[in-house]
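Chemist: Take a look at the letters that make up each chain.
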Amino acid sequence: MSAPQLRLSAVTLRFGGLTAVNALDLAVGAGELVGLIGPNGAGKTTVFNLITGVYQPSSGALSFGGEGLAGLASHQIAARGIARTFQNIRLFRQLSVADNVRVAANLHRATSPLQSLVRGRAFQDEEAMIFNRTDELLDLFQLAHRQHAPALSLSYGEQRRLEIVRALATRPRLLLLDEPAAGMNPAEKSDLVRLVRQVRQQFGIAILLVEHSMRVVMELCERIAVLDYGVKIAEGAPEAIRRDPKVVEAYLGEGRQS
Amino acid sequence: MPKPHLALLATLAAAAALARFSDAVDPYYLDILTGIGINVILAVSLNLVNGYTGQFSLGHAGFMSVGAYASASLSVFLGPRLLGAAGGAEAAQDAFFLGALLAGGLAAAAAGLVVGIPSLRLRGDYLALVTLGFGEIIRVILQNFDAVGGALGLSGIPPYTTIFWVVAFAGLTVFTVVCLVHSTYGRGFIATHDDEIAAASVGVDPTRYKIVAFVVGAFFAGIAGGLFAHFKLTINPSGFDFTRSIEIVVMVILGGMGNTLGVILAATLLTLLPEVLRPVAEYRMVIYSLLLVGLMLARPQGLFNWRLGKSARFRTGEG
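Protein sequences, first through last, are from chains A and B.
Note that the first sequence covers residues 222 to 479 in the numbering used here.
Note that the second sequence covers residues 903 to 1221 in the numbering used here.
What the hints contain is simulated information worked out from the structure, not anything from laboratory work.
Check each hint, because a few of them may be wrong.
So, partial list: chain A residues that the calculated Cβ filter (under 7 Å) puts toward chain B [claimed, not checked]:
#1 S230
#2 T233
#3 A299
#4 A300
#5 L328
#6 L338
#7 R342
C-beta atoms are modelled at their ideal positions from N, C-alpha and C, and glycine is treated no differently.
Build the full structure now, drawing on both the sequences and the hints.
Modeler: Here you go:
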């Protein structure tokens, strides 16, 4: 593992009397693929919301690339190179497939928004660049033929893929995938595994994956952390996790193999 | 040259041509056209806030009154000193009027910023209530502000508004909103509308977008107010009460939220309708209201919205 890019140190989040995340330590190195698993309600999505600034931790610290994330809003964290997808798909429903991606590709633009009125050379060049990049991404993930369609007219699997493409359009160094295999059949899951591998190979970014499907997690991840009631109960290689009695009790023991 | 720029040039040319031949046109029609132009400015600018960005503002008449009073005060109190008692040359008048209009727009934009920054953290109904309250506060302040005539209003405003200014500024408003929205930057307004959390996750700052929409919207409402003041020649606070705001909101809804062409057509239709219904005198407002109810029942997605209607849209299930 290279020097950790994302680091959570003793991160705790309380909602009133409920401790959703308790003293969590977690690190993701550059280019690493880490899985975060745990039973329903273990706090996995909450961890994502902490990393992306939707929630601020009650205590503890988060850093990315050596820089603290405390007090940053979601859009500022996105600008620092962390992108995510959502468990319940959140596409922009009034926008076309391509526009969903273009909004995201607009993140690192150099020309000022005021330029959209004047539309000088630099602005038009940049728009063309964003359009090209969007086309490339849609091509790469087999969505080009649907680019003018409303985002919500896509099939479920395509919508999940579009969310990943949209996240990639922000040029992240770390991608957070929140249950990308939810609701997928075995064939779609195999496609997803291929897709995640492809993302990693072609973009060389780190990925933190929350997933219920043991098959997907075991196939993809180099390292797995297990959460239960907001506490990390185990962390290690997939084989070790599979045999860890604490994990089996909390998670696999419930027969949640899908 | 990009398409919107060509359209703007064409509109300015049309405005100049209209102004050139305005003497040949029945003043009644010119007045109606002026009314349409002012309503188009109001509706299209509000559409940026309510339609594209999805922030329900009920304060547009308030911003309009700020612009109206600011520019009219300049014309009434500063105008005679700058231009002389006789009113000065036509070119000097035009230049002064342009300055007064822009000052009115900037005053309204400043008001938009002051109201916007704290209140745009609110959502939906709460924002609607705050903007409604703002509109009423402005009205009450103006009613008690004797320097601008108090409840009696400000009169003796010079008749600077010509068909040229109205059409030119209507064109400029449409141009600005279209250019802002139709760029990869501008898609952020719609993204903010659709899902703030998802928008923020791809680097769109929802608060910033909302403030830009609010300030730009208020600026053009202020311009419309200035044009209105120098057209009616007398303004009073009760002309900018919340029923005026509702009227503009109705134009936006009828045109189809987030559809500039539809909103232009709706603003035109709703300005013409009372005129067309004039022969039926006292039943006019009844028919007007019934038509509105009927239109909303028949086309809830907006009269001129040919995109997928809201009712036909489906939401993604929880994954």
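Chemist: Each hint: holds or not?
Modeler: These are the hints, each one checked on the structure:
1. With 7 Å as the threshold, the beta carbon of S230(A) stays out of range of chain B, its nearest partner Cβ sitting at about 23 Å, so the hint is violated.
2. Hint status for T233(A): violated, given a least beta-carbon distance of 22 Å to chain B, over 7 Å.
3. Here the hint on A299(A) is kept, as its CB sits about 4 Å from the closest CB of chain B, short of 7 Å.
4. For A300(A), the interface hint holds, the least distance from its beta-carbon to any beta-carbon of chain B being 5 Å, beneath 7 Å.
5. The restraint placing L328(A) at the interface with chain B holds, with a minimum CB-CB distance near 4 Å, inside the 7 Å limit.
6. Interface restraint check for L338(A): the shortest CB-CB distance to chain B comes to about 5 Å, inside 7 Å, so the restraint holds.
7. Interface restraint check: R342(A) against chain B, minimum CB-CB distance 11 Å, threshold 7 Å, status violated.
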